[in-house]
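The hints should help you fit chains B and C onto chain A, whose structure is shown.
Heads up: the protein sequence lines correspond to chains A, B and C, in order.
No gaps in the numbering here: position 31 of the first sequence is 31 in the numbering used here, and each next residue is one more.
No gaps in the numbering here: position 128 of the second sequence is 128 in the numbering used here, and each next residue is one more.
No gaps in the numbering here: position 207 of the third sequence is 207 in the numbering used here, and each next residue is one more.
None of these hints come from the bench; they were simulated from the model.
Be careful, since some hints might not be right.
Between beta-carbon pairs, the in silico distance windows are [said to hold, decoys possible]:
no. : chain 1 : residue 1 : chain 2 : residue 2 : range
1   : C       : G116      : B       : Y315      : 21 to 31 angstroms
2   : B       : F326      : A       : L48       : 31 to 41 angstroms
3   : A       : K41       : C       : N406      : 56 to 66 angstroms
4   : B       : A325      : C       : S345      : 53 to 63 angstroms
5   : A       : V20       : C       : S345      : 20 to 30 angstroms
6   : A       : D44       : B       : D280      : 36 to 46 angstroms
7   : C       : P40       : A       : I10       : 22 to 32 angstroms
8   : A       : V20       : C       : K142      : 20 to 30 angstroms
9   : A       : L48       : B       : Y315      : 42 to 52 angstroms
10  : B       : A99       : C       : A5        : 39 to 49 angstroms
11  : B       : Y315      : C       : P40       : 28 to 38 angstroms
All values reported here derive from a predicted model rather than from experimental measurement.
Beta carbons: idealized from backbone N, C-alpha and C, even for Gly.
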Amino acid sequence: MAETAMAQVIDAIDIETFVVCSSEAEGKKIILQIMQEMGLKDTDIVFLQYTGPGVRVRARGYIHRPGSHYGWLQGNKRVG
Amino acid sequence: MRVIGIAGTAKNTGKTTTTAALIEQTGRAGKALGLTSIGYDGEETDNVTGLPKPRLLLPVGTVVAIAEKCLATGSAKIQVLKRLGISTPLGEIIVGRVAAEGLVVIAGPNKEHQLAEVLEQLKALRPDLILVDGALNRLAPMVETEGLILATGAARTHDPDRLFRETLDLCEVFQWPVLKTQLMARLLAARKQPDSDWAISVLDEAGKVQMLEGKSLLAGQQVESLLGLVSPRAKAILIPGIVSYSCLKQLLDGLLSQPVRPGLVFADPIKLVVSQDFFDIKIVLDRWREEGGSLALLNSLPLLMVTLNPFYPAYCDSTRSYTAAFIDGDMLREKLSRRLRVWVVDVKKPEAQKILQELLDFTHPA
Amino acid sequence: MGNSAKQRVLLAPLDPVHDIGLKIMKRHLEANGHETFMLPPDYKAEEIIQKAIDEKVGTILISRTLGYGVAELLAGFVDLADAAGLRKNVRIAIGGMAIRPELAAELGFDAGFGPGTNPDEVLAFVEGREYVPDLSKESKQKKDISAGYSYRYKHERIGQLLDKIVDFIFDWAADKTSPGVIRAEIREKMLRAEAVFQAGKVSEHEYKKALAELQQAYLEHSDETVRKFFSEGIIPAKTRPLSGSELASLEEYVRETESRMSIKRVQHIGENPTVFIQYGTGCPFMDIAHIKMGESWGADGVVHFDPSWGARTEGFLSGYLTHEEDGSVITPENLRQIKDSLHSSTLWQVRAHRGLNTPETVLLAGAIGADLTKINIAYGAMGAGTDPARMCIDGIAAIKYAAKYNLPFDVVTNEELAGVPAFKAFAGMLVVARLARRLGAKPILQPLFCYSPEMMITGGMEDNYVDFNAAKIMALRKIIDAPMWPGAPIGFLTQTEDRVQSSMTTGLHAALASSLGVDAISIASSDEAYSGGPIVAASRVDTLQAVTEAFRFFGHTKIQPTAKAERHAGEIIAGIQKVLEQIVEKGCFVQAMYDGILGAPEDGAYPGRVGRGRVITL
Chain A
1 MAETAMAQVI DAIDIETFVV CSSEAEGKKI ILQIMQEMGL KDTDIVFLQY TGPGVRVRAR
61 GYIHRPGSHY GWLQGNKRVG
Chain B
1 MRVIGIAGTA KNTGKTTTTA ALIEQTGRAG KALGLTSIGY DGEETDNVTG LPKPRLLLPV
61 GTVVAIAEKC LATGSAKIQV LKRLGISTPL GEIIVGRVAA EGLVVIAGPN KEHQLAEVLE
121 QLKALRPDLI LVDGALNRLA PMVETEGLIL ATGAARTHDP DRLFRETLDL CEVFQWPVLK
181 TQLMARLLAA RKQPDSDWAI SVLDEAGKVQ MLEGKSLLAG QQVESLLGLV SPRAKAILIP
241 GIVSYSCLKQ LLDGLLSQPV RPGLVFADPI KLVVSQDFFD IKIVLDRWRE EGGSLALLNS
301 LPLLMVTLNP FYPAYCDSTR SYTAAFIDGD MLREKLSRRL RVWVVDVKKP EAQKILQELL
361 DFTHPA
Chain C
1 MGNSAKQRVL LAPLDPVHDI GLKIMKRHLE ANGHETFMLP PDYKAEEIIQ KAIDEKVGTI
61 LISRTLGYGV AELLAGFVDL ADAAGLRKNV RIAIGGMAIR PELAAELGFD AGFGPGTNPD
121 EVLAFVEGRE YVPDLSKESK QKKDISAGYS YRYKHERIGQ LLDKIVDFIF DWAADKTSPG
181 VIRAEIREKM LRAEAVFQAG KVSEHEYKKA LAELQQAYLE HSDETVRKFF SEGIIPAKTR
241 PLSGSELASL EEYVRETESR MSIKRVQHIG ENPTVFIQYG TGCPFMDIAH IKMGESWGAD
301 GVVHFDPSWG ARTEGFLSGY LTHEEDGSVI TPENLRQIKD SLHSSTLWQV RAHRGLNTPE
361 TVLLAGAIGA DLTKINIAYG AMGAGTDPAR MCIDGIAAIK YAAKYNLPFD VVTNEELAGV
421 PAFKAFAGML VVARLARRLG AKPILQPLFC YSPEMMITGG MEDNYVDFNA AKIMALRKII
481 DAPMWPGAPI GFLTQTEDRV QSSMTTGLHA ALASSLGVDA ISIASSDEAY SGGPIVAASR
541 VDTLQAVTEA FRFFGHTKIQ PTAKAERHAG EIIAGIQKVL EQIVEKGCFV QAMYDGILGA
601 PEDGAYPGRV GRGRVITL
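In isolation and in its complexed conformation, chain A is listed as follows (with noise of 0.2 angstroms):
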């Protein structure tokens, strides 16, 4: 059921959040630790800033990339 729900995300997923570290490379590492353990593979970074208590960070997970098969355009047979 994941799956097809996953499918319906016209695009991608932003996970918006503040993580405690210290520092930008150490936040980085992290938010992408967490991507990959939510099960978020085609993952990007579209903002972070470091400024002492940790990050300010958005991070992407990409569903469906543009030009790649719509899970939500094929009755929600399959994940593109």
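Chains B and C only, in chain A's frame:
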């Protein structure tokens, strides 16, 4: 003791795999190893493609010259022996000895003159072999080594014919003759001070040397001035720095319009192969030779081996990510072996071990 | 030591277009006395190297956006420069999107500068010295937002009415006290006993004995919940004590965070107001984490937000307590922990405006080192559910403590949210402000910047959100010369649960506040309208970003309200005067509250019942 550089023609051509194989071979022979790098390599994931890369496992006793920040990153325990006061974007270069085996990230000095200094420091610790790991397609600092292994492969271009031609072109330059001692002596004598840099020079049959300002040939006016110095008695032209394609073409067109065919002398093969237009440069140089000109080097840099990696990261447009892909490496390796005077190896193949053993040949030190 | 001698720098964009970063650097380097040579975009590597040789530069700054194959191109450039013998005397750096120091090292550069680089970092590189961030530029000073005001009444009639009303209040309160006032007096004695003990003037035994006696007296004036907590150790529901190891790790967290923290600024120009955020997640630890984050993203001040049950319970608990719901429990220990975690430049407001512990809250806030508090008798009674008589007695005591500890306080008017018209809320606010001045305190007026329920009904804000909010400030300015701190938070009832919408409306209200020249604002997080759970850190960053951007966008530009604003302002002033005259006619401020003069049931306001009948007549 030998100093061997491992240079790649692009990212992902297998430098690190080659370096790792050499480290293993050295360990198998029970010999002491020294290691540095001209950049940053061996990290977990590739900085550009995001693909995992092999990391270097160093045995106890290996001496390394690496940037300070590398100490915290790997799993090996490294005892710091000396700080060299050479700064890099990853901190000061230190010389250390591996106290407990582990994985190491190697980032070293990234400039030619810094590598020279670092190698002196490593040599003082008397390892049996020093390896200089490359970075990306960088080659320039490798002139400080005593022999070069060229790592190339499908990551440079996955068109096998183009890869074949490019590899031949690259390797050919390393096989040029070294300038005759007698001519070298004349050029040496013409230098203002023994330790001053070489300058663009024209040597004539009488042994007279005329010099231009500078060592690299990059501006059209310089070529005009240089052509002005070339008399019908010109014997050799020395370009000790780098040369741009357009200047070289202008120079050779100028020379070919006259009956004179002086020898063209370059400092070392690296000065040519670093050019982004190297393959175009090679075409005009080949033509120069066909027209009766000759080519020589001030210093040779022996090419010891070519490693050929059939892997390349294929970029997928729809997912905007990289996946692993391969070309037919065996066929290309055979084709190259027939044309080159050095070993052409896929270090991941079982037969590679024997070749590496022979290459390093610790029983007959160089 | 760095080489601050004049340097020659070659700037070369390798991209097909000019990089703005290089242009900024060109200006910055020239401003610092260096000579620069900017190449057109897209030069060949050889041409750049030739130029570097010709101009005898000491530094080359390359800019290039990273992409596929670009790494090799950049490494090739470095290689060529090395082969040309340039790198003995010339240092080469790369700047651009996605550039990191590790990548610069891999490519063979001497340095790499990514997005967000401070131009001073590059300057330091060019001058061959280590980059030390200039912290003085980022260091902030606490600002006294009540400073510079005379509190003079420009509207004479209103000034006279207010004085009369305050006289009534003093007369009425002269012979009264309350359990809240008595507990505050006991707490004062406890604090004094503690100070005497710490000064080594009494033995521990004597101190503990005195404290036990005071504690006993305190509990006599407290509710069952508080008595059971102290006598039987029963902790109220959804509350738990924090362990020693939790406290130790918190202190370490704060220390480490402070050591690596940089502090942004929300303000773009000097005239932009001081910006406060509220905290009150329930847990002092989470509060502290939110405070640190807020500080680093530019919040100038933080407001302690306590749970509503705390305001309905006679007496405080003690110890380090965490609470699962909205609002953080006030105990001396919790307040001290938070105080110790604040950055030295952060203004700290502990709100006390309502409820049964108002005087003691102000006392603790003052004793523990808060900078500001929040008190309003009228709002506490008409909007926050406390009995008007009780609120009046406790409010007077609270204001006296505010004066004693020099805590300026805002006089909040959130009863407007219940539907009370602004002029009625303002009348109450002005009475409390006058009372405060007579007691030697420093009140700060806090009109609400919101989509006023009053206007929702009358349609007065159908065209825009500007006029009525502007009218409030214009009206108050015509009455009195006093500091103003719209809140709380600005944009109330305009926010939805969407983070972009919510941040946007907060930013716009902040811009309006700044345009009107107010002294401070309190802002919400982008979770303001979400009521399903606690506010999250990322949502606090959202609105700080939005306000920063709003200030940047408008600078000194003013927002021009329509002619309706003047009309609204006139109506508000007339309304205030009418309310004050009604109170004077009534002859008693407290009775006026019971009788709906400051907000009637038809407005949505009811006199509060909490603490009713607990005013003690001496």
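Each hint, compared with the structure:
no., hint, result
1, C:G116 / B:Y315: 21 to 31 angstroms, "28 angstroms, holds"
2, B:F326 / A:L48: 31 to 41 angstroms, "35 angstroms, holds"
3, A:K41 / C:N406: 56 to 66 angstroms, "59 angstroms, holds"
4, B:A325 / C:S345: 53 to 63 angstroms, "56 angstroms, holds"
5, A:V20 / C:S345: 20 to 30 angstroms, "22 angstroms, holds"
6, A:D44 / B:D280: 36 to 46 angstroms, "37 angstroms, holds"
7, C:P40 / A:I10: 22 to 32 angstroms, "42 angstroms, violated"
8, A:V20 / C:K142: 20 to 30 angstroms, "26 angstroms, holds"
9, A:L48 / B:Y315: 42 to 52 angstroms, "24 angstroms, violated"
10, B:A99 / C:A5: 39 to 49 angstroms, "44 angstroms, holds"
11, B:Y315 / C:P40: 28 to 38 angstroms, "30 angstroms, holds"
Hint compliance for this structure: hints 7, 9 are not met, and every other hint is.
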